Amino acid sequence: MATLQDLETAIDALLDHPLGDSQYQLNRRVEAKAYEAYDGNVPGNCCLGLAPAGRLRP
Amino acid sequence: MPRHEYSPQQALEVLMMKLRARDELLSDQIQAAIDVGKDVSETEPSTDRRKKDRVYRKTVRFSHEEALQIALSALQAYFVEQPLFVASASDNLAQATVGVPTLQRFRHQSHNEDSEPVSLKGQGEEKTIVIETQTETQLSKTAEETVPLKRVAKEQIEEQRHNIKNLREMTDFSED
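Chains as they are written, first to last, in numbering that gives the first Met the number 0: chain A, 0 to 57; chain B, 0 to 175.
Watch out, some of these pointers could steer you wrong.
To be verified - Sample of chain A residues at the chain B side, in silico, Cβ under 8 Å:
hint: 1; residue: Ala1
hint: 2; residue: Leu14
hint: 3; residue: Arg28
hint: 4; residue: Val29
It should be emphasised that the hints constitute simulated quantities derived from the structure, not laboratory data.
Note that this is a predicted model, so its numbers are computed, not measured.
Where is the CB? At the ideal position from N, CA and C, for every residue including glycine.
So that you can see chain B by itself, here it is in the shape it has in the complex (with noise of 0.2 Å):
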């Protein structure tokens, strides 16, 4: 007995109606991934027994409910991973120390890198991430120079992390 009441093309449908209502380039981008879809090996029996089949490379596009687990899985870098891969590098940088010079130095001093004497600092101290958007090389301006990576509460990841699970489950048709 099916344990849905809707098809795998049904539930797609869904998924990326509502995603686009919510974020329109986040629902390209996922498009995008489903659109490019896979490849597969297709194997031409050969005509003549004393030569083997010929097997070539073919590109396919997904299934229905190959494309809502691609989805999902995008859904599930955006909301879950990204949010770890944030933790893990301000966990990494806390433990980071910053050496700062110890001795005022003026410039017709001559300096001697090896023995410029520093005080380290920082070590524990949760310290500002930002990605930088606006590149040294480039001309045009960007809106913000830099985007800030803030940490999220474990919690709220967890929750995401639910939520997904409870998609795949609401998406696996294997037993219908």
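Chain A with its partners taken away, still in its complex shape (with noise of 0.2 Å):
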């Protein structure tokens, strides 16, 4: 049976992966920019699939 530290295991061994650091980075430069951009009326990155069509306002 699962416990929850075998969860918080698995959790660390995706969210501590080498690969991570670099797939943060990407978002915190690329992604916040893809939002900021769309908050200015700038449907160009969403569309280029930078914003996840759930975060799309009205």
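Each of the two chains sits in its own frame; use the hints to bring them together as a complex.
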């Protein structure tokens, strides 16, 4: 039976993986910019897939 | 017999807590994707037999199990699909050629675009890919004008794919 500790270990393996650092950086520098652009009514970034559709505002 | 010692709610809380501790921005984005909820169709029976039932769309919150899968799908997009996208773009651009003019041209010389001699170079060579974060129309300065996209080792992507698969299995409550 899977324990909460097992789950925490599995989450740590994903979030602390060496690949993560570059992805976190990319997220901070590009995704945040895409949201900012969208707020400024520049929908191009969202169309390019840089902003998840779930965050689009009407 | 349950296969987990934790509930879907506990699993979601632990995942979001650890994510927030690791990267607050990513955590906020995933929380927003969860909080959007989902659309469902509701049916209101008609009191008049001659009229049809009224069907309408309603937005409801995700269950904790659904929210876990939404969070894992978003993490898969960040840790598996984005690196694969970069690898694919790098592969495609490596095959692209760059045309370099073979003759030096001066401003006063008339030019005909069609006849300009160029030599094709760079096919099969890895190219540098960057995303422009400082747009041409932007007055305010950003810290970096461009962000480089770097290829990640396939083994690392596979490890993350395995980690996601493992987490999906650990958050599958369908047989509990």
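Evaluation of the provided hints:
no. : hint  : result
1   : Ala1  : holds (5 Å)
2   : Leu14 : holds (5 Å)
3   : Arg28 : holds (5 Å)
4   : Val29 : holds (5 Å)
Hint compliance for this structure: no hint is broken.
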